[in-house]
Amino acid sequence: MPAVMASRTTPPSESILEQSRVKDNITSSGGSIKPDFELVKGFTAEVPDGMVGVLSNHDFIENVEEDANVSTQR
Numbered sequence: 001m002p003a004v005m006a007s008r009t010t011p012p013s014e015s016i017l018e019q020s021r022v023k024d025n026i027t028s029s030g031g032s033i034k035p036d037f038e039l040v041k042g043f044t045a046e047v048p049d050g051m052v053g054v055l056s057n058h059d060f061i062e063n064v065e066e067d068a069n070v071s072t073q074r
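Going by UniProt numbering, 65 is the number at position 65 of the sequence shown; the sequence numbering is gapless.
Simulated from the structure, these hints should not be mistaken for laboratory data. Please note that a few of the clues may not be correct.
Derived DEER-like restraints, expressed as beta-carbon distance ranges [said to hold, decoys possible]: (1) GLU18 with ALA68: 22 to 28 Å; (2) MET1 with VAL70: 16 to 22 Å; (3) THR72 with GLU18: 32 to 38 Å; (4) ASP24 with GLN73: 37 to 43 Å; (5) SER28 with ALA68: 24 to 30 Å.
Keep in mind that this is a model prediction, so the values were computed, not measured. Just so you know, even glycine gets a beta-carbon here, dropped at the ideal spot from N, CA and C.
Please model the complete structure; the sequences and the hints are all you need to start from.
Right under this line is the structure:
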């Protein structure tokens, strides 16, 4: 299952119900949700292969990208 980061189009306070529906759809399809971000409007999840396209086309989701480690250069 690919691990993805999904970014929201609206602040969490305005979209709690819609975010909950998206996450329920992911888990009912066999995926899993990782902890939410506090500084970034988004969440990470492991999703079934076919779910990446579904998330990308959802009105609530602005961007879906592969989840990856981020580091600074030295």
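Results for each hint:
Distance hint for GLU18 and ALA68: a CB-CB separation of about 26 Å, consistent with the stated range 22 to 28 Å. Between MET1 and VAL70 the beta carbons are some 21 Å apart, a value that agrees with the proposed interval 16 to 22 Å. Remark: the range hint 32 to 38 Å for THR72 to GLU18 is upheld by a beta-carbon distance near 34 Å. Checked against the given bound of 37 to 43 Å, the beta carbons of ASP24 and GLN73, roughly 39 Å apart, stay inside it.
Evaluation of the 24 to 30 Å hint for SER28 and ALA68 yields a pass: the beta carbon distance comes to about 26 Å.
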